[in-house]
Amino acid sequence: MLLKGIKAGDEELPVINASILFVPYYYVIVSEKLSEGIFFTNETGAAENVQYPLTAGTTNNNAIWNYNKSSGKTEYWIYFDGDVNGDICHGATNHLCSTPGCSGEGNVQINISNAKWSSSSRNDLYNPSLSNAVPFVIGFDNTHKVFSNLKPKSFVYLRYWLDVPPATPASNFNTTYQLRVVMEGESCV
Amino acid sequence: MKVVYKLTLALIFLIFVFPLSRAQVGVGIWPAKVEVEVPIFKTSIVEINFFNPTEKNVSLEIEFYCRNCEEDVILFGKKICKRIYDLDVKISPLYLELQPKNLNQSQKVFVKTFNPLFLKSWFKLRAFGREVKIPFVAPFFDEKGFEYRILAGIQEKQLKIQIAGDVLFKFKGIEKLSFLLALCVVVLALVIFFKKHVESEFSTYEKLS
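Chains as they are written, first to last, in our numbering: chain A, 1 to 189; chain B, 1001 to 1209.
If you are wondering where the hints come from, they were derived from the structure by calculation, not from laboratory data. Since we're looking at a predicted model, the values are computed, not measured. Any given hint might turn out to be false.
To be verified - Sample of chain B residues with no beta-carbon within 10 Å of chain A, all distances over it, derived:
1. 1087
2. 1104
3. 1118
4. 1166
5. 1178
Said to hold, decoys possible - Once the Cα atoms are required to be at most 20 Å apart in a straight line, the calculated EDC-like pairs of lysine to aspartate or glutamate come out as:
6. 1120(B) / 1037(B)
7. 145(A) / 105(A)
8. 1033(B) / 83(A)
9. 1033(B) / 184(A)
10. 1160(B) / 141(A)
11. 1101(B) / 83(A)
12. 1144(B) / 1086(B)
13. 1157(B) / 32(A)
14. 1033(B) / 186(A)
15. 151(A) / 1166(B)
16. 1160(B) / 36(A)
17. 145(A) / 186(A)
18. 1157(B) / 36(A)
19. 1124(B) / 1097(B)
20. 1056(B) / 36(A)
21. 145(A) / 1047(B)
22. 1170(B) / 186(A)
23. 1170(B) / 1143(B)
24. 1090(B) / 1047(B)
25. 1056(B) / 32(A)
26. 1101(B) / 1156(B)
27. 153(A) / 1156(B)
28. 73(A) / 105(A)
29. 1160(B) / 43(A)
We treat Cβ as the ideally placed atom computed from N, Cα and C, and that holds for glycine.
From just these sequences and the hints, can you work out the full model?
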């Protein structure tokens, strides 16, 4: 079913008949707010769901949509479905920077480990919780998966926080975050 | 087909149950895992299908890499170098545009490989403070499996979402038993030939003397 002959140039490739009784498939849907990116804000901004520059020395600054001001729920989620279970890993491509591309005069960099994430299958004021938060790593964190053995038709909810080291100029800090979905038990790297 | 039927059900579920918004992004894969036998001197092709379960157009970047093409070479319990297999595996296309909700019109990526029996590899070692790569071509016995990971990624503004599929190519090699039998036949033939040759030489020598 999956393997068949195709023409590559003038060469006729062989037809290989494979009998596959079970075809594993899965798909993911990422929420609108998560696909827009993770932007951190101060206490006022968290209550208003608006981004404001962060102050040096502050800890656990919320991502804008950690707590929707009307429902108290997070707007960061991933939906998983298919006929197999899955694992999800999180990470970042770079450290957090104050300027796009981490370049230019006045760029301030914050180590990515200052940013944390927490996941849960429940979504309320207390879950996902800060007490279970895991620092981000560059690449993918195969040790701390966002979710392991995720069953089809499941939602995974996420929240994010950022500590700003002392003596850091007030700014908005960004990077590219990454999510990788693999089949249950497989390594993300 | 079973998968198409399942995907149609999934589409119905998505339309009626799942609160889809135009800004959500998503991607799906089938088969997410597949094993393919590659007979000696044959080409095998695998189709990996990608579909878009959301209402937003999706641009997919396809990447792939071998997960076990590097192995440590151990001698007397000590690692002496690395062996890196250099296989002929090609994937195309490397870029896909997925229309919204194309569950029944998934787009395909083809992964193609050829089993030349004599596998090309490199021995990577450090000598005189430098990294040295020594090429090596050799046949192999029975079967050798190479795992390839196919990654399909969506790059949003500040988030990269990747889904992974795994393809295991089982390269068929020379069967040990057949090889031993063939070796025995060759050795036997050589012995018979040599014996006859010696006998004829001996009879010629006897006639002369």
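Right, here's what the structure says about each hint:
For residue 1087(B), the non-interface assignment is confirmed: its Cβ lies about 17 Å from the closest Cβ of chain A, beyond the 10 Å cut-off. At roughly 13 Å, the least C-beta separation between residue 1104(B) and chain A is larger than 10 Å, which holds for a residue marked as non-interface. The Cβ of residue 1118(B) sits about 20 Å from the closest Cβ of chain A, beyond the 10 Å cut-off, so the non-interface label holds. With a closest Cβ-Cβ approach of about 7 Å to chain A, residue 1166(B) is found to fall inside the 10 Å limit, against its non-interface label.
Non-interface status of residue 1178(B) relative to chain A is upheld: no Cβ of that chain comes within 10 Å, the nearest being about 22 Å off. Between residue 1120(B) and residue 1037(B) the CA atoms are separated by roughly 19 Å; this keeps the pair inside 20 Å, and the hint holds. Of the supplied pair hints, the one linking residue 145(A) and residue 105(A) is violated, its CA atoms being roughly 36 Å apart against a limit of 20 Å. The straight-line distance between the Cα atoms of residue 1033(B) and residue 83(A) is roughly 12 Å, inside the 20 Å bound, and the hint therefore holds.
With a C-alpha separation of about 11 Å, the suggested pairing of residue 1033(B) with residue 184(A) holds against the 20 Å cut-off. Of the supplied pair hints, the one linking residue 1160(B) and residue 141(A) holds, its CA atoms being roughly 15 Å apart against a limit of 20 Å. For the hint linking residue 1101(B) to residue 83(A), the alpha-carbon distance of about 18 Å falls within 20 Å, and the restraint holds. Distance check on the hinted pair: residue 1144(B) and residue 1086(B) sit about 14 Å apart at the alpha-carbon level, within 20 Å; holds.
For the suggested pair residue 1157(B) and residue 32(A), the alpha carbons sit about 12 Å apart, so the restraint of at most 20 Å is met. The straight-line distance between the Cα atoms of residue 1033(B) and residue 186(A) is roughly 11 Å, inside the 20 Å bound, and the hint therefore holds. Taking the CA atoms of residue 151(A) and residue 1166(B), the gap is near 19 Å; set against the 20 Å cutoff, the hint holds. Of the supplied pair hints, the one linking residue 1160(B) and residue 36(A) holds, its CA atoms being roughly 10 Å apart against a limit of 20 Å.
For the hint linking residue 145(A) to residue 186(A), the alpha-carbon distance of about 11 Å falls within 20 Å, and the restraint holds. For the given pair, residue 1157(B) sits about 6 Å from residue 36(A) by alpha-carbon distance, which is consistent with the 20 Å threshold. Under the criterion of a C-alpha separation no larger than 20 Å, the hint pairing residue 1124(B) with residue 1097(B) is inconsistent with the structure, at around 39 Å. The straight-line distance between the Cα atoms of residue 1056(B) and residue 36(A) is roughly 13 Å, inside the 20 Å bound, and the hint therefore holds.
Distance restraint check for residue 145(A) and residue 1047(B): the Cα-Cα separation of roughly 29 Å exceeds the 20 Å cut-off, and the hinted pair is therefore not satisfied. Between residue 1170(B) and residue 186(A), the direct Cα distance comes to roughly 19 Å. Compliance with the 20 Å bound is thereby established for this hinted pair. A C-alpha spacing of about 6 Å is found between residue 1170(B) and residue 1143(B), which places the hinted pair at or below 20 Å, so the restraint holds. About 12 Å separates the Cα atoms of residue 1090(B) and residue 1047(B), which keeps this hinted pair within 20 Å; it holds.
For the suggested pair residue 1056(B) and residue 32(A), the alpha carbons sit about 11 Å apart, so the restraint of at most 20 Å is met. Taking the CA atoms of residue 1101(B) and residue 1156(B), the gap is near 18 Å; set against the 20 Å cutoff, the hint holds. Between residue 153(A) and residue 1156(B) the alpha-carbon distance is near 23 Å, which puts this suggested pair outside the 20 Å criterion. Distance restraint check for residue 73(A) and residue 105(A): the Cα-Cα separation of roughly 38 Å exceeds the 20 Å cut-off, and the hinted pair is therefore not satisfied.
As the CA atoms of residue 1160(B) and residue 43(A) are separated by approximately 27 Å, the hinted pair breaks the 20 Å bound.
Violated hints for the displayed structure, listed by number in ascending order: 4, 7, 19, 21, 27, 28, 29.
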